[in-house]
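There are 2 protein chains.
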Amino acid sequence: MPIIECIPNVSEGRRPEVVESIAAAIRSVEGVRLLDYSSDPSHNRSVFTMAGDAAPLKAAVLAMFEQAVAAIDLRAHTGEHPRLGAVDVVPFVPIEGVTMEACVALAKDVAQEVAARFAVPIYLYEDASSNPARKNLEDIRRGEFEGLAARMATPDWAPDFGPAAPHPSAGATVIGARMPLIAYNINLATDRLDVAKKIAAAIRHSSGGFRYVKAAGFKLEDRGIVQVSMNLTNYEKTPIFRVFETVKREAERYGVSILESEIVGLVPAAALNAAAEFYLQIGGFKADQVLENKLRTEN
Amino acid sequence: MPIIECIPNVSEGRRPEVVESIAAAIRSVEGVRLLDYSSDPSHNRSVFTMAGDAAPLKAAVLAMFEQAVAAIDLRAHTGEHPRLGAVDVVPFVPIEGVTMEACVALAKDVAQEVAARFAVPIYLYEDASSNPARKNLEDIRRGEFEGLAARMATPDWAPDFGPAAPHPSAGATVIGARMPLIAYNINLATDRLDVAKKIAAAIRHSSGGFRYVKAAGFKLEDRGIVQVSMNLTNYEKTPIFRVFETVKREAERYGVSILESEIVGLVPAAALNAAAEFYLQIGGFKADQVLENKLRTEN
Chain A
1 MPIIECIPNV SEGRRPEVVE SIAAAIRSVE GVRLLDYSSD PSHNRSVFTM
51 AGDAAPLKAA VLAMFEQAVA AIDLRAHTGE HPRLGAVDVV PFVPIEGVTM
101 EACVALAKDV AQEVAARFAV PIYLYEDASS NPARKNLEDI RRGEFEGLAA
151 RMATPDWAPD FGPAAPHPSA GATVIGARMP LIAYNINLAT DRLDVAKKIA
201 AAIRHSSGGF RYVKAAGFKL EDRGIVQVSM NLTNYEKTPI FRVFETVKRE
251 AERYGVSILE SEIVGLVPAA ALNAAAEFYL QIGGFKADQV LENKLRTEN
Chain B
1 MPIIECIPNV SEGRRPEVVE SIAAAIRSVE GVRLLDYSSD PSHNRSVFTM
51 AGDAAPLKAA VLAMFEQAVA AIDLRAHTGE HPRLGAVDVV PFVPIEGVTM
101 EACVALAKDV AQEVAARFAV PIYLYEDASS NPARKNLEDI RRGEFEGLAA
151 RMATPDWAPD FGPAAPHPSA GATVIGARMP LIAYNINLAT DRLDVAKKIA
201 AAIRHSSGGF RYVKAAGFKL EDRGIVQVSM NLTNYEKTPI FRVFETVKRE
251 AERYGVSILE SEIVGLVPAA ALNAAAEFYL QIGGFKADQV LENKLRTEN
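Each protein sequence line maps, in turn, to chains A and B.
The first sequence maps to residues 1 to 299 in the working numbering.
The second sequence maps to residues 1 to 299 in the working numbering.
Just chain A, same shape as in the assembly (with noise of 0.2 Å):
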């Protein structure tokens, strides 16, 4: 069966029973399993993390804008984290079995739906969209809730679906489909900040570096080391190793040399295979040869 991951951002990380109201309305979708959620206050913001095959996820989704959307006033709503509505970034990310196109056209599916049962106004994003200026989120949610109406109302801010101006209350959704995102920091064996910058502004797409590549350096106080921490947003065009190899050899030029790497949550099996693929110099390797996935697929 093929596994679509989903991971709606929604506007509310203060009042826990608005959350628990959104995860239930999840959970009681059959074929849907809710792997994870949490809240910022801070960020006044929740994450919800559920995969699944398109259908019941799809049915997840508007059961979710149901709850956030009677509950949750943008007008009202404070917190440090940019947004633009109640359920404010909605990705969908192919994990197995699955095409990026089939979760392109579950996220134009869903925004449909979204859009003609609650009003609200969606922009498609990232391999969804097919407008070069809304393709990035950072682009899509500048202004905020908060100049919404105003930007809505220039000819290039039409919706993909729904009304031309935003929800009073709920604001817009960004829905979209994406590669899964991989957060990955690699920690350098001397306190000298400059060199983590150097190397970041090296490798990142923003700065002439790999082009699935987000990065920023950082001091790490406790350790008295320094970080390269990175965004890896499409694992098979930009891979793990190339990253770390770059690195490396980077700081191989300030006399510098890499004390460990580390994964921040989920990484993608696939992305992993290709890093031992890649040192082994394995040739002709095919995914079935995991014997996991054998077991899996084969009866």
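It is worth saying that the hints were derived from the structure and are not from the lab.
Careful: at least some of the hints might be erroneous.
Calculated cross-link-like contacts (lysine-lysine; reagent style BS3-like; alpha-carbon spacing at most 30 Å) [claimed, not checked]:
#1 B:Lys-286 <-> A:Lys-219
#2 A:Lys-237 <-> B:Lys-286
#3 A:Lys-286 <-> B:Lys-294
#4 A:Lys-248 <-> B:Lys-237
#5 B:Lys-108 <-> A:Lys-294
#6 B:Lys-237 <-> A:Lys-294
#7 B:Lys-219 <-> A:Lys-286
#8 A:Lys-237 <-> B:Lys-248
#9 B:Lys-214 <-> A:Lys-286
#10 B:Lys-214 <-> B:Lys-135
#11 B:Lys-294 <-> A:Lys-237
#12 A:Lys-286 <-> B:Lys-248
#13 B:Lys-219 <-> B:Lys-197
#14 A:Lys-286 <-> B:Lys-197
#15 B:Lys-237 <-> B:Lys-248
#16 B:Lys-294 <-> A:Lys-294
#17 B:Lys-237 <-> A:Lys-286
#18 B:Lys-214 <-> A:Lys-294
#19 A:Lys-197 <-> A:Lys-219
#20 B:Lys-248 <-> A:Lys-248
#21 A:Lys-135 <-> A:Lys-198
#22 B:Lys-294 <-> A:Lys-214
Covered by chain A, according to a simulated footprint, are these stretches of chain B (three or more residues, beta-carbon under 8 Å) [claimed, not checked]:
#23 232 to 246
#24 253 to 266
#25 282 to 293
Quick reminder that beta carbons are idealized off the backbone N, C-alpha and C, glycines included.
Based on the hints, put chain B in the right spot on chain A.
Chain B in isolation, oriented as in the chain A frame:
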């Protein structure tokens, strides 16, 4: 649900109807998946690969014995591969959510039942063996079916279960538990067979190398290169990356580089993940950070 793999080797590779009757017997057991089976006529031997939890696997092995003991007579059996019995070897291999101890217990349970129902003497091997002289399959099988009656008459060779003499037509069976085998080859960018042979000798257990490596050097005539061909018998204790790095370093001694490596057949995900962890210097990695594992285990 726990997954155990079982790979019975049966002394019949020339009569398809017998092989099919055994496959059908395995398939008839609910909860067991027959993943693969293949016959080698020159070895006159067939290998079946199945997976499931303990109870269904036990039922499948018993069903298989019923067919094999009725159809195969070792007194009339010829073939290149050494063998002791109609059902020659039955290894149980822990794959997921199951310990080696549980596989050892299953091996003993199946051994006892087979001995009782079919009057076939059973030798326990590998992790199921408590006798150092009877751990290794090659040691137990020395002298083959033809020498079995004489050998069983000696005090050291009383079986672990069952009668003190061979079954007249079905001989004896070796049953046990072991780690998954990885068949791993490294191709060298040279046609010098002596280099492959020296490297094989350096890394294999029998001549002073790594404990869980069997290795030999071969010429790949059609490609004009040589190969270090290996079986890794415990990838947790002798990991792939350590073997690869050692072969690479030994090859450098002769000015030879590695062309590529290859994994023949199946490999456990954990063996590949360990390589990724090593080369990327990933600290504190846990198996449940692999997205697919998380998706499968949580609810």
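Hints, one by one, checked against the model:
1. Distance check on the hinted pair: Lys-286 of chain B and Lys-219 of chain A sit about 25 Å apart at the alpha-carbon level, within 30 Å; holds.
2. Proximity of Lys-237 of chain A to Lys-286 of chain B is assessed by CA-CA distance (about 25 Å); at most 30 Å being required, the pair is judged to hold.
3. A threshold of 30 Å between alpha carbons decides the hint, and for Lys-286 of chain A with Lys-294 of chain B the separation of about 22 Å falls inside it, so the pair holds.
4. Taking the CA atoms of Lys-248 of chain A and Lys-237 of chain B, the gap is about 28 Å. The hint holds against a cut of 30 Å.
5. Under the criterion of a C-alpha separation no larger than 30 Å, the hint pairing Lys-108 of chain B with Lys-294 of chain A is consistent with the structure, at around 27 Å.
6. A threshold of 30 Å between alpha carbons decides the hint, and for Lys-237 of chain B with Lys-294 of chain A the separation of about 24 Å falls inside it, so the pair holds.
7. Note on Lys-219 of chain B and Lys-286 of chain A: the hinted pairing holds, with a Cα-Cα distance of about 25 Å set against a maximum of 30 Å.
8. Restraint check: the Cα-Cα separation between Lys-237 of chain A and Lys-248 of chain B comes to about 28 Å, which is no more than 30 Å; the hinted pair holds.
9. A threshold of 30 Å between alpha carbons decides the hint, and for Lys-214 of chain B with Lys-286 of chain A the separation of about 24 Å falls inside it, so the pair holds.
10. Using a Cα cut-off of 30 Å, the hinted pair Lys-214 of chain B and Lys-135 of chain B holds, with the two alpha carbons roughly 16 Å apart.
11. At roughly 24 Å between alpha-carbon atoms, Lys-294 of chain B and Lys-237 of chain A fall within 30 Å of each other, so this suggested pair holds.
12. For the given pair, Lys-286 of chain A sits about 23 Å from Lys-248 of chain B by alpha-carbon distance, which is consistent with the 30 Å threshold.
13. Restraint check for Lys-219 of chain B and Lys-197 of chain B: the C-alpha separation of about 10 Å stays at or below 30 Å, so the hint holds.
14. Distance check on the hinted pair: Lys-286 of chain A and Lys-197 of chain B sit about 28 Å apart at the alpha-carbon level, within 30 Å; holds.
15. For the hint pairing Lys-237 of chain B with Lys-248 of chain B, the CA-to-CA distance comes to about 19 Å; that is within 30 Å, so the pair holds.
16. Under the criterion of a C-alpha separation no larger than 30 Å, the hint pairing Lys-294 of chain B with Lys-294 of chain A is consistent with the structure, at around 18 Å.
17. Distance hint between Lys-237 of chain B and Lys-286 of chain A is fulfilled; the C-alpha atoms sit about 25 Å from each other, no more than 30 Å.
18. With a CA separation close to 25 Å, the supplied pair Lys-214 of chain B and Lys-294 of chain A stays within the 30 Å bound.
19. Pair hint Lys-197 of chain A plus Lys-219 of chain A holds up; C-alpha atoms about 10 Å apart against a cutoff of 30 Å.
20. Simply put, Lys-248 of chain B and Lys-248 of chain A have alpha-carbon atoms about 21 Å apart, close enough for the 30 Å limit, and the pair holds.
21. A threshold of 30 Å between alpha carbons decides the hint, and for Lys-135 of chain A with Lys-198 of chain A the separation of about 27 Å falls inside it, so the pair holds.
22. A C-alpha spacing of about 25 Å is found between Lys-294 of chain B and Lys-214 of chain A, which places the hinted pair at or below 30 Å, so the restraint holds.
23. Here the stretch 232 to 246 of chain B counts 3 residues with a CB under 8 Å from a CB of chain A, which clears the bar of 3, and the coverage holds.
24. Counting residues of the stretch 253 to 266 of chain B whose beta carbon lies closer than 8 Å to any beta carbon of chain A gives 8, which reaches the threshold of three, so the coverage claim holds.
25. Coverage of the stretch 282 to 293 of chain B by chain A holds [criterion: at least 3 residues with CB-CB distance below 8 Å; count 9].
In summary, this structure violates none of the numbered hints.
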